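J.: Residue numbers (the working numbering), protein chains in the order written: chain A, 132 to 331; chain B, 9 to 318.
Keep in mind that the hints were calculated from the coordinates and are not lab data.
Just so we're clear, the structure is a prediction, and the values are computed from it rather than from any experiment.
Ideal Cβ positions, reconstructed from N, Cα and C, are used throughout, including at glycine.
Take a look, some chain A residues computed to stay more than 10 Å from chain B by CB distance:
#	residue
1	I165
2	R241
3	V242
4	D255
5	N265
6	E306
7	V312
8	T327
Estimated spans, in silico, between C-beta atoms of each pair:
#	chain 1	residue 1	chain 2	residue 2	range
9	B	R310	A	R159	45 to 51 Å
10	B	E164	A	E163	20 to 26 Å
11	B	G258	A	S158	30 to 36 Å
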Amino acid sequence: MKKTVDATGLSCPLPVIETKKALKEMSRGELEVIVDNTIALQNLEKMAKQMGLDHQLETINENKHIIRILVGDTAGEEARDVEAAPNVSGKTVVVLSSDTMGSGDQDLGRVLMKGFVFALTELDRLPDKVLLYNSGVKLSVAGSDSLGDLQKLEERGVEILNCGTCLNFFNLTNELAVGSVTNMYEIVQSQMEAGTIIQP
Amino acid sequence: MKDPNFLVGFDKSDDAAVYRLTDDLAIVQTLDFFPPMVDDPYIFGQVAAANALSDVYAMGAVPKTALNIVCFPEKMDLNVLSQVLQGGSEKVMEAGAVLAGGHSIDDVDVKYGLSVTGIIDPRKIYTNVGCKPGDVLLLTKPLGVGIVCSANRVGEASAEAMQQAVRYMTTLNKYAAEVVRGFPVHACTDVTGFGFLGHLHEMLGSETSAVIYGNRIPHIPEAFHYAEEFLITGAAQRNRNFLEGFVEIGPDVPFGIEEILFDPQTSGGLLVSVPGDVGEQVLEELEKLGLPCGIVGEVIERGEREIVVR
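Looking at chain B on its own, in the form it has when it is part of the complex:
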């Protein structure tokens, strides 16, 4: 039997679980951890924490407590671990939450992340379905960090591209969440492993379709060049396979943008669906945060194709 206070779970592939405590208070719980995608342990800690906190922001909630999840080889230098934890704890602090403990185990590889608990008014939850025809879609961070990190692994990324990727991955979605909180949000999610199109697919559900503007996608400029040079990832291809049949890509969309739209993101931005008439206003506020962002598409009545990129 379902507990009536259990409001959001895995059934709709949402970002976190929500449990109602009282009429105006619910807790939001999430957990995320992964192996390093950057060499610097301090930055890895920041990215992993920003990524784990992001699910709470994607629900419209405020993080309150966090617990470390650590896998670390016994024989490895403990200074490395302390830098990872340092990076993580700084992000938790920046989020205004309390790092309340954690658990570590011996493992062959390093992995790190957080379990985060936040609070929200249960009447104001952003689920990731609920887009309405006439909505515009906003993306609060540039895409392409997956391509850049993968190019970096094989020594092909420039220092500048990597710096940009690190900056975007370590930026908390807190600030973007605070901006959109002032507007009517129909649906919201954060863009992570399934890539922009994968998360958009979840958001559209079965009722609506979307048109995406291929020439208005905020992205790391060099990610585009790397993709055009075929520094392409296996994960993006898996996303592409998964979405086969849902997405139609117009002939004018360059290959590089196509790959960027399928590129899995680490600690990606929020993808938000708001009524068309407030779109420009939200964008104006988001732009003040100093990250490349944009109105990337619009929601329409369900058509033959779920997503058309043109």
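Bound conformation, chain A alone:
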């Protein structure tokens, strides 16, 4: 269950009160609270800490801050997460080296890739980076089916890195619509330092 409280425009203690109300109605899941100032964010953080709830903070810009609070049996969830997650430390890097997923049929591959990128946005724990090279960069340009999802990932703090040589090759440099342009050095470095590399 995922819920959002938009507390923009409310002054303290109202954001906290609205959040408390929403938490009461939730047995488990994630509550996302949007506020427009850091003081309200800090008060919400204080509350989450006091209540012993796992939470994440994110600042979109000066007037938009988000706290995500995990509700319910989070201890159990965490334990399962640890079990499910590969037992490694370091960053999680997703490598998209093609605009299709798997081999066999191109059209199917494109549908699968679209689903894969969407599924990334739904993860509780997002990857740290997405690297796109070869025809993978076609996912990052205007008109791509995955553009919205990649932008969503970027908004939530995931670094989106596109191979500059590849963009040039496909003549798409000016069409790039998400993330930044990178070079081979960074592509190698990111994979060297990664704890986990996910390649569909």
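On the provided structure of chain A, position chain B as indicated by the hints.
T.: Relative to the frame of chain A, chain B by itself:
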């Protein structure tokens, strides 16, 4: 060039300005006004006046004249204004001062306060720095009025809690000032917008540290419950941010007390630093005034942390 008779100004974040007229006479000047924190205009007038007069008491001075400062919407019912002024003038009278006039302007919101002038022997000024190791710290009013007023704004405060807050906010610091005048005072300030810890921080300067007893803080009981229920204010969090690095809060101090210590006060009590050996005696006299008060901590040599709450 500095006028040698200008004794106290903003440099040490003191409560009021002091100017020496003769060897044994100085004037104390202060000004304070703000928007309403309670619905009742008469009570608001009393609170605003008590708050403005408080700075004079915090210097150890006696208020003599006061001038009204009024912002009031042209279209609003003038009866409301007259109740505000009524409340204010009664407090000025209770202080033994003269309400000598004032100035009003049209504004979108109501604001009210006073400019107060008092007198003092310049050799007996209480500044807000001067704490000495071995001093005890006394607080003459309970904390938590900020939390209660803010809970009241969102309809969450009980009538009883609000009544207590109003009683404390409308009580003049005159009586507490008269009590402490009989003792050697090393430093004195009134607790207002920066909260207890913020004003204590100013008082300690760079030479001393303080230990605060988390279980001996006079406070409105329901303020504690409201804070534990997270009816917490933005202003308290700003105070907390400002004091980051200066204050260490022990693990046994409940969250509610922590919030109360950062809670901005309106017309709060005096925070007084007196030698340890007279602390109990001062407290005994203060208790006779009938307000919750207490010895809330002690001053020590400057340590690693400026303020430790335990």
